[in-house]
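Protein chains: 4
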Amino acid sequence: MTDQAGRTRLARARGLSDMTHHQVPASFTVTLSCPNRPGIVAAIATTLYEADGNITEAQQFDDVETGLFFMRVVFSIRTDGERLDWLRARLGAVAERFHMNWTLHDRAVRRRVLLMVSKFDHCLADLLYRWRIGELPMTPTAIVANHPRAAYGHIDMADIPFHHLPVTRDNKAEQEERLWTLVRQTNSELVVLARYMQVLSDSLTARLSGRCINIHHSFLPGFKGARPYHQAHARGVKLIGATAHYVTADLDEGPIIEQDVERVSHFDTPADLVRKGRDIERRVLARAVRYHLDDRVILNGNKTVVFGD
Amino acid sequence: MTDQAGRTRLARARGLSDMTHHQVPASFTVTLSCPNRPGIVAAIATTLYEADGNITEAQQFDDVETGLFFMRVVFSIRTDGERLDWLRARLGAVAERFHMNWTLHDRAVRRRVLLMVSKFDHCLADLLYRWRIGELPMTPTAIVANHPRAAYGHIDMADIPFHHLPVTRDNKAEQEERLWTLVRQTNSELVVLARYMQVLSDSLTARLSGRCINIHHSFLPGFKGARPYHQAHARGVKLIGATAHYVTADLDEGPIIEQDVERVSHFDTPADLVRKGRDIERRVLARAVRYHLDDRVILNGNKTVVFGD
Amino acid sequence: MTDQAGRTRLARARGLSDMTHHQVPASFTVTLSCPNRPGIVAAIATTLYEADGNITEAQQFDDVETGLFFMRVVFSIRTDGERLDWLRARLGAVAERFHMNWTLHDRAVRRRVLLMVSKFDHCLADLLYRWRIGELPMTPTAIVANHPRAAYGHIDMADIPFHHLPVTRDNKAEQEERLWTLVRQTNSELVVLARYMQVLSDSLTARLSGRCINIHHSFLPGFKGARPYHQAHARGVKLIGATAHYVTADLDEGPIIEQDVERVSHFDTPADLVRKGRDIERRVLARAVRYHLDDRVILNGNKTVVFGD
Amino acid sequence: MTDQAGRTRLARARGLSDMTHHQVPASFTVTLSCPNRPGIVAAIATTLYEADGNITEAQQFDDVETGLFFMRVVFSIRTDGERLDWLRARLGAVAERFHMNWTLHDRAVRRRVLLMVSKFDHCLADLLYRWRIGELPMTPTAIVANHPRAAYGHIDMADIPFHHLPVTRDNKAEQEERLWTLVRQTNSELVVLARYMQVLSDSLTARLSGRCINIHHSFLPGFKGARPYHQAHARGVKLIGATAHYVTADLDEGPIIEQDVERVSHFDTPADLVRKGRDIERRVLARAVRYHLDDRVILNGNKTVVFGD
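Residue numbers (full-length UniProt numbering), protein chains in the order written: chain A, 1 to 309; chain B, 1 to 309; chain C, 1 to 309; chain D, 1 to 309.
In case anyone wonders, no lab produced these hints; they're calculated from the structure.
Warning: the hint list may mix true and false statements.
[Stated by the list, open to error] Stretch-level coverage of chain C by chain B, calculated; a stretch enters the list once three of its residues show a Cβ under 8 Å from a Cβ in chain B: (1) 141-154; (2) 204-213; (3) 231-244; (4) 252-261; (5) 265-276.
[Stated by the list, open to error] In silico DSS-like cross-links for lysine-lysine, where the CA-CA straight-line distance does not exceed 30 Å: (6) A:276 <-> B:303; (7) D:276 <-> A:224; (8) D:276 <-> D:119; (9) B:224 <-> C:303; (10) A:303 <-> D:172; (11) D:276 <-> A:276; (12) B:303 <-> C:172; (13) C:276 <-> D:276; (14) A:303 <-> D:224; (15) A:119 <-> C:276; (16) C:224 <-> B:224; (17) B:119 <-> C:224; (18) A:224 <-> D:224; (19) D:119 <-> B:276; (20) A:303 <-> C:172; (21) C:224 <-> C:276; (22) B:276 <-> C:276; (23) A:276 <-> A:224; (24) D:276 <-> B:119; (25) C:276 <-> B:224; (26) C:172 <-> C:119.
C-beta atoms are modelled at their ideal positions from N, C-alpha and C, and glycine is treated no differently.
Assemble the whole structure, with the sequences as input and the hints as a guide.
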């Protein structure tokens with residue numbers, strides 16, 4: 001029996017028509033994490049094979065310290081709804097058997113992303129530019145700022161709704177509630193703090209766990225807290241950096257997604273560090289967002305597994 | 001039926017005793033390349049699973065341009081000779097079915113490496129240091145130089161045999177024959193040109209295809225040929241680099257394994273570029289050798305797939 | 001006699017009133033190149049001292065190959081027009097004595113810059129953003145494109161005049177003449193080719209010698225000519241880069257101002273290289289333009305001296 | 001009066017014979033720091049000019065925060081002892097007038113350097129290699145280790161005396177006294193802690209202030225204290241680094257001379273970080289030592305001014 005014959009037999013056995021073979025293939029990403037034990041790769045690969053899926057990318061990581069196993073698989077499939085339901089059920093069964101946390105995303109469906117910004121808009125401008133030219137596959141659902149729209153006059157926000165939510169000591173809880181309502185109403189799957197300088201409350205960070213990315217203008221854990229470039233200048237370091245991380249209640253301690261640095265010298269004033277920092281911040285944040293949108297980041301306790309490209 | 005029961009049944013079905021489960025696990029690396037089609041990952045993963053192997057690393061690459069598929073899998077297995085023979089046969093059958101080029105290496109077996117050097121010995125000294133502290137899992141079989149042993153007086157060559165093979169226009173063919181004899185007699189699987197400055201003949205490069213690594217003191221294809229740092233200085237570039245590549249008959253055109261650069265300025269004389277270049281050369285060559293020893297490099301026509309760490 | 005008394009005496013001797021000491025200090029940059037011989041630094045430093053100038057930055061380079069000497073000095077001075085004329089005359093005398101090419105720029109006067117662009121506008125968008133937030137001290141005089149204004153719909157060009165100068169084989173000379181007229185009419189001191197993909201004629205590059213910066217989307221001299229990212233992909237390099245250089249008649253061979261690279265791998269398709277390249281291009285071009293605006297770049301034959309920060 | 005005539009007249013006026021013009025020129029480096037005020041560069045440049053010196057390198061830095069001025073000048077001079085004494089006296093007078101800290105070094109005279117090491121010898125091996133091939137212009141006076149000579153069996157220490165000074169809680173003061181005696185007896189101007197893992201006492205660090213360089217195996221201030229690579233792994237950072245700094249009583253807080261980083265990922269175990277760290281450590285330490293030997297580092301409070309090359 002040829003290999004193709006075997007696969008067709010399998011397809012028939014599960015009641016799927018061969019007609020679907022003539023459709024344009026769609027592409028999906030599976031991510032998973034679970035306690036490591038033999039057979040995981042075989043179970044996933046066999047399941048996808050039996051659904052006539054073709055694995056085009058696969059990466060895995062075996063964390064020997066924690067005994068956890070992480071995997072990301074991209075596969076293409078000539079699919080109709082029925083076949084996909086069948087596949088989803090089969091993957092669910094595998095996931096249950098191995099006690100997996102898992103996700104399955106259609107790569108053609110853009111993630112819905114809410115963007116937040118304060119005074120400095122270089123990261124926002126950069127993310128919107130990358131989105132516009134097709135580099136970031138997302139749908140911006142809203143731009144939320146604690147400064148009014150006029151503060152960003154030169155940025156073309158297209159049709160993205162803008163919300164001015166100024167935060168004071170008194171209205172913080174109230175404004176966070178509005179923000180949370182906005183997240184839900186817009187079905188935003190990801191919140192990006194693009195130099196949004198208000199500290200989020202513990203309750204909000206808990207709600208946004210694993211789906212809120214911040215750019216910290218420091219090479220963490222080097223200079224936590226406020227004015228890190230001034231701290232770096234005072235310490236006389238020879239490289240400065242920036243850190244993109246998931247937001248947690250523990251400020252500046254969330255799981256790190258991406259970091260980068262640039263060389264500085266005694267010639268650099270704090271203002272120079274801020275200038276050089278802008279370049280690092282925007283590219284580090286853009287990379288982190290792209291990794292997230294591409295399902296390349298999986299949480300591993302207070303760390304991340306980032307399957308790079 | 002539990003999963004373990006299923007695996008035990010499989011093991012029994014193929015006539016293997018359960019006794020082997022009590023042995024210390026060994027670790028192996030499989031690499032393969034073949035025309036892409038569905039089912040490759042499933043076939044490999046299932047085969048390893050049925051042999052009670054546990055996949056600890058796996059990387060793959062689907063080259064959409066050439067339609068070729070590349071994979072590297074590290075797995076551990078509680079093995080005896082019998083089980084390994086069974087596995088090797090099964091993998092061979094899979095390989096035949098998918099028309100694979102493939103390798104299977106026991107990670108505990110060190111590769112045998114012949115090192116060659118000319119006047120500048122910074123790469124040789126560096127490779128030997130890394131070998132000595134256990135960073136490079138290899139067995140140096142010989143050091144071949146076109147300068148006498150006294151030229152390397154300060155380098156501790158341990159018990160590695162040293163061979164002085166000076167090359168002139170007249171004796172080149174003869175000396176290459178001696179070199180080739182040495183490669184075979186020492187069972188050297190890899191030849192590293194650690195700043196060996198004699199051009200190898202086409203016939204020798206053909207014999208060493210895919211197992212001879214050179215360090216070119218330039219960021220190829222930038223400055224081919226002789227005295228690349230002087231060329232770089234004359235052109236006024238702002239970064240210089242080095243390139244580790246497999247040697248082919250077409251000089252300076254072999255498949256690139258690794259490259260790196262450092263910043264330079266108008267202050268740098270050609271001598272400064274040479275100095276900075278030494279640092280780049282030795283780290284680029286060491287990385288390339290380590291990648292090769294760790295089965296991370298697979299040839300893809302005139303390019304390489306390097307599954308990084 | 002105290003030092004201050006000596007300087008005041010000097011000031012009086014040349015007929016300058018002490019009143020000017022009460023003015024706000026202005027900042028100037030001197031650049032010079034000349035055949036090296038003893039006494040250059042002393043002559044410049046003494047001249048500035050006698051004009052009550054305070055040197056705040058000074059960098060020099062002695063090219064032992066060509067025997068040329070290069071210097072950049074930033075100084076502050078409490079100046080009125082009279083004193084400045086006196087200083088300019090004195091510097092002119094020093095320059096004549098040492099056969100210098102030299103410039104003197106008031107750092108408060110912004111350079112007038114004409115920007116050119118073709119289809120890809122990431123460099124243009126980036127330069128305009130940096131200009132808007134005060135990072136690039138320039139006055140954009142015009143934006144010239146070979147595509148219509150609508151092609152850059154999302155870019156806020158503020159009040160900068162936009163000129164559509166489409167180029168065909170037939171009208172090239174005519175359009176270049178228009179461009180040159182524009183350069184003169186707008187008193188543009190610098191022309192920046194921000195991914196402007198039309199080759200300039202020899203006569204125009206001669207006219208713009210030393211004041212026209214191009215960004216080449218390759219790490220020169222690696223991949224000259226068209227589609228360098230595709231060339232890089234075909235060659236399988238492990239780093240890609242971009243090069244900012246002054247434009248000369250010899251295409252891709254002009255004096256290099258700045259270069260940078262990013263790591264790539266076999267996973268990167270040509271489209272990925274183009275994406276990564278955008279980031280390199282915009283930061284390399286922005287740095288080169290900033291260096292030029294800050295009088296940090298001095299031509300040295302077909303190379304540059306770049307006094308970095 | 002021609003320029004040369006004027007200089008000859010000056011030379012005669014100070015009683016120097018013109019005969020010295022026929023000698024081979026020697027090269028010297030001056031470094032200085034002082035409160036900033038106009039005239040410093042002019043005073044230094046004029047003094048060197050009057051001594052027939054030719055400035056070949058000059059760098060300066062004006063720290064607007066502290067009001068301090070820093071300068072490094074390399075000059076060549078056709079010198080005899082008499083002329084040099086005259087120059088030294090004149091520079092001393094200038095230094096007094098401007099309240100300078102200053103140094104004057106004959107670049108042909110190699111610095112005497114004492115090297116210290118503990119268990120890990122990659123930095124020591126690297127420094128010795130660079131010394132041997134002429135990259136580091138120093139004279140190693142002694143190698144001091146808290147492990148016996150046999151622990152470094154594979155390192156060729158040439159004729160450099162080796163001293164085994166094992167340190168326990170009880171004998172620390174005594175051993176430090178021996179070390180200090182050794183520093184004085186050998187006239188060592190610099191002490192390099194090449195992964196020497198014993199903390200020096202406050203009194204010893206005070207004695208070695210500004211002339212003892214340590215390599216910290218972390219990107220300070222990120223992970224102070226012990227086992228920084230394990231700390232870095234636990235925090236999940238994406239880049240690791242190393243820091244070369246002058247030793248002060250405040251451990252891990254001394255003035256930073258040089259830092260560098262390398263990219264890491266979730267794949268890297270603590271052992272991998274240690275391996276990658278070795279490469280960073282040795283190149284960062286070697287750069288810092290070279291900068292120091294080349295009089296490129298000037299202390300600026302708890303920071304450094306490093307005039308790079």
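Against the structure, the hints come out as follows:
1. 141-154: Violated: only 0 residues of the region 141-154 of chain C have a Cβ under 8 Å from chain B.
2. 204-213: Our answer is that it is violated, as 0 residues pass the Cβ test (under 8 Å) against chain B, missing three.
3. 231-244: holds (count 6)
4. 252-261: With 7 residues close enough to chain B, the hint holds.
5. 265-276: holds (count 4)
6. A:276 <-> B:303: Violated. Residue 276 (chain A) to residue 303 (chain B) sits at ~36 Å, over the 30 Å cutoff.
7. D:276 <-> A:224: holds, 25 Å
8. D:276 <-> D:119: With Cα atoms ~17 Å apart, residue 276 (chain D) and residue 119 (chain D) stay inside 30 Å; holds.
9. B:224 <-> C:303: holds, 20 Å
10. A:303 <-> D:172: violated, 40 Å
11. D:276 <-> A:276: holds, 26 Å
12. B:303 <-> C:172: violated, 40 Å
13. C:276 <-> D:276: Distance ~25 Å between residue 276 (chain C) and residue 276 (chain D) Cα, so the pair holds.
14. A:303 <-> D:224: holds, 20 Å
15. A:119 <-> C:276: holds, 28 Å
16. C:224 <-> B:224: Within the cut-off at roughly 14 Å; holds.
17. B:119 <-> C:224: violated, 33 Å
18. A:224 <-> D:224: holds, 14 Å
19. D:119 <-> B:276: Holds, because 28 Å separates the two Cα atoms, which is no more than 30 Å.
20. A:303 <-> C:172: Violated: residue 303 (chain A) and residue 172 (chain C) sit about 57 Å apart, past 30 Å.
21. C:224 <-> C:276: holds, 18 Å
22. B:276 <-> C:276: holds, 26 Å
23. A:276 <-> A:224: This hinted pair holds, its Cα atoms lying about 18 Å apart.
24. D:276 <-> B:119: holds, 28 Å
25. C:276 <-> B:224: holds, 25 Å
26. C:172 <-> C:119: Since the Cα atoms of residue 172 (chain C) and residue 119 (chain C) sit roughly 18 Å apart, the hinted pair holds (cutoff 30 Å).
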